[in-house]
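**Q** Protein sequences, first through last, are from chains B and X.
The opening residue of the first sequence carries number 0 in numbering that gives the first Met the number 0; numbering runs sequentially from there.
The opening residue of the second sequence carries number 0 in numbering that gives the first Met the number 0; numbering runs sequentially from there.
Just so you know, the hints here were simulated from the structure itself, not pulled from any lab data.
From a predicted model like this one, the values you see are computed outputs, not experimental measurements.
All C-beta atoms in this analysis are idealised placements derived from N, C-alpha and C, irrespective of residue type, glycine included.
Incorrect hints may have been included.
As the list claims (entries may be wrong) - Derived EDC-like pairs (lysine to aspartate or glutamate); straight-line CA-CA distance at most 16 Å:
1. K25/X - E67/X
2. K305/B - E92/X
3. K410/B - E369/B
4. K90/X - E44/X
5. K305/B - E78/X
6. K25/X - D66/X
7. K305/B - D53/X
8. K61/X - E78/X
9. K348/B - D462/B
Stated by the list, open to error - Partial list, derived from the structure: chain B residues whose beta carbon lies under 8 Å from chain X:
10. G107
11. R202
12. E225
13. L242
14. Q253
15. R254
16. P265
17. L293
18. A299
19. K305
20. I306
21. R309
Stated by the list, open to error - Beta-carbon label-pair distances, calculated as ranges:
22. E83/X - P370/B: 55 to 61 Å
23. L402/B - P63/X: 17 to 23 Å
24. Q91/B - S64/X: 30 to 36 Å
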Amino acid sequence: MESNGDGASRILREIEALKDEKARIEEKILDLEAQLQEEASLPHQQQQQNESVCNGCCPSVSAADANLAHGLTADSIYRYSRHLLLPSFGVQAQSNLLKSSILVVGAGGLGSPALLYLAACGVGRLGIVDHDVVELNNMHRQVIHTEAYIGQPKVKSAAAACRSINSTIQIVEHEQALRTSNALEILSQYDIVVDATDNAPSRYMISDCCVVLGKPLVSGAALGLEGQLTVYNYKGGPCYRCLFPTPPPTSACQRCSDSGVLGVVPGIIGCLQALEAIKIASDVGEPLSGRMLLFDALSARIRIVKIRGRSLQCEVCGENTTFNQQHFKDFDYEKFTQSPLSTSPPKLKLLAPDSRITSKEYKERVVSGEPHVLVDVRPEHHYKIVSLPKSLNIPLTSLEARLPEISSALKEQEEGTRSGANLYVICRRGNDSQRAVECLRNMGFDLAKDIVGGLESWANDVDPNFPMY
Amino acid sequence: MEVKTEGDNLPTATPVVKDGPSVQIKVLFFAKARDITGLTELSMEVSSGSTTQDCLNELVAKFPSLDEIRHCIVLALNEEYTTESAVVKDKDELAIIPPISGG
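Kindly produce the complete structure, drawing on both the sequences and the hints.
**A** Here is the structure:
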């Protein structure tokens, strides 16, 4: 009996081990098949479009054997069955989707959910453009990325996530910044473009490029607690420039890295972008063209506003436009919008070197006990996140009104010393502190100096444990 | 400033014209316009026959920083695209929509 029991458990263990191995091998095969599909498709993408669905993973005979006129494979029928069951979607819309190609520009807050849904729903070829790397402060909203990918290119991370959801579609990685030099070449490879970028010059550039190439554009944006969504350049509808011929002033351009954003807000807009792209690709329903959706998270309100049609005077898509591919290549979008295409914050240089000190110098002065006042000009809600000891928070916007507070703080420091107290100004990155020092010097605070690079440089050069945000 | 902070009741702006008929409109602010005014909406009384441009002028007078985004907004009257020459009627809803760029 005992030997029998031993034998049985040995066999069971062996079965388990073999099953594990089998699973590993199957996983490896799937992975290799996906790779093969991608390798094979790159040189002849046009031809690939129609075939990509059944390449590799399933024998191509099955569709013919089952006499399926729509060309969906058995695997596809099962995978997308819930789409096929929708009377208003069905086989026709799904096979349209499988034959379509969509480019998502930006794998961030908007691009994350858009890409996940587009991959899942069976878009035949899905392109991703991004040049950033995954950072810890992305994780609260860029849900396509996982902690394991921090420091790695977003395109790699997003592509891996899409492939793990759907290994039967083609995912194309464009690991580069979109510029006028490469935009025509990249966008021309796709049927539909999804703008999931985070800055004004990119939005103008992508819209213009879509007009020149005749591609519909699904444009989404999110900031703070608000989101916007529109489909541009669709069947004679308006383009981004028809609505906004004049770019917003730089002061009105806000970034998530400055103004903040509630993570789920771009998530919602990104999902809606996926929805609009799916509608256009599958030729179902009424795309949001000529209308703009405004999402207000705090009041839980969605408004849809009818917007203007195509403008006859539009510089890019109007009646007498001469705007063409060459104009596009030569157009300077950073100059036009006066803001950079990259998301990196601007570095101001307002002050002369003798009006500034480095964070290391400031540290030395604190250690030596120099009498001084440190004014932190960040907004109050920034100050609440983290601040340097004994700093006085006077936001830049209320600086002029609160000068007396600085004067009295200086006086307090000067008590018992023969020389005057110094005045230093700090902010997050060293731009607002320069503006503040300029203002202070104009108001008679001749000793005011700013700390170069702000708290960011303090964290980099003085105290690596200082929390950054 | 006559505009009170936002609560359940809409803040109201002082009537521009004291004599003659006037109309009451509701102004909705979005994105940057919301930051500038600190309001999501505002009830405003303007003389009848006023255009959306008149309303905008009035708003810029009240919130001077609105001027910087004035030429980069979508205007909607009762959720429909409008131009600055459209005449506002009583109980109209004027939406001021600057573009958002973030993502």
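**Q** Against each hint, give a clear statement of whether it holds in the structure.
**A** To see whether the hints hold, each was checked on the structure:
1. At roughly 22 Å between alpha-carbon atoms, K25/X and E67/X are farther apart than 16 Å, so this suggested pair is violated.
2. For the suggested pair K305/B and E92/X, the alpha carbons sit about 13 Å apart, so the restraint of at most 16 Å is met.
3. Taking the CA atoms of K410/B and E369/B, the gap is near 14 Å; set against the 16 Å cutoff, the hint holds.
4. With a C-alpha separation of about 10 Å, the suggested pairing of K90/X with E44/X holds against the 16 Å cut-off.
5. Our distance criterion of 16 Å between C-alpha atoms is met by K305/B and E78/X, whose separation comes to about 6 Å.
6. With a C-alpha separation of about 19 Å, the suggested pair K25/X and D66/X falls outside the 16 Å cut-off, and the hint is violated.
7. Distance restraint check for K305/B and D53/X: the Cα-Cα separation of roughly 22 Å exceeds the 16 Å cut-off, and the hinted pair is therefore not satisfied.
8. For the hint linking K61/X to E78/X, the alpha-carbon distance of about 24 Å lies beyond 16 Å, and the restraint is violated.
9. Distance restraint check for K348/B and D462/B: the Cα-Cα separation of roughly 24 Å exceeds the 16 Å cut-off, and the hinted pair is therefore not satisfied.
10. At a threshold of 8 Å, the smallest CB-CB gap from G107/B to chain X is about 6 Å, leaving the interface hint in force.
11. Interface restraint check for R202/B: the shortest CB-CB distance to chain X comes to about 6 Å, inside 8 Å, so the restraint holds.
12. At its closest, the beta carbon of E225/B sits 6 Å from a beta carbon of chain X; the interface hint therefore holds under the 8 Å criterion.
13. A cut of 8 Å between beta carbons decides the hint on L242/B: the least distance to chain X is about 6 Å, and the hint holds.
14. Hint status for Q253/B: holds, given a least beta-carbon distance of 6 Å to chain X, under 8 Å.
15. Annotation: R254/B was flagged as interfacial toward chain X, and the flag holds, the nearest CB pair being 6 Å apart, inside 8 Å.
16. A distance limit of 8 Å between C-beta atoms decides the matter here; for P265/B the minimum to chain X is near 6 Å, and the interface restraint holds.
17. Annotation: interface hint on L293/B holds; nearest CB of chain X at approximately 6 Å, less than 8 Å.
18. Below 8 Å, beta-carbon pairs count as interface contacts, and A299/B has none with chain X, the closest being about 13 Å; its hint is therefore violated.
19. Evaluation of the K305/B hint against chain X yields a held restraint, the C-beta minimum of about 4 Å falling below 8 Å.
20. At its closest, the beta carbon of I306/B sits 5 Å from a beta carbon of chain X; the interface hint therefore holds under the 8 Å criterion.
21. Hint status for R309/B: violated, given a least beta-carbon distance of 12 Å to chain X, over 8 Å.
22. Range check, E83/X to P370/B: Cβ separation about 57 Å, and the 55 to 61 Å hint holds.
23. Here the CB-CB span from L402/B to P63/X is close to 22 Å, well matched to the stated 17 to 23 Å.
24. Evaluation of the 30 to 36 Å hint for Q91/B and S64/X yields a failure: the beta carbon distance comes to about 52 Å.
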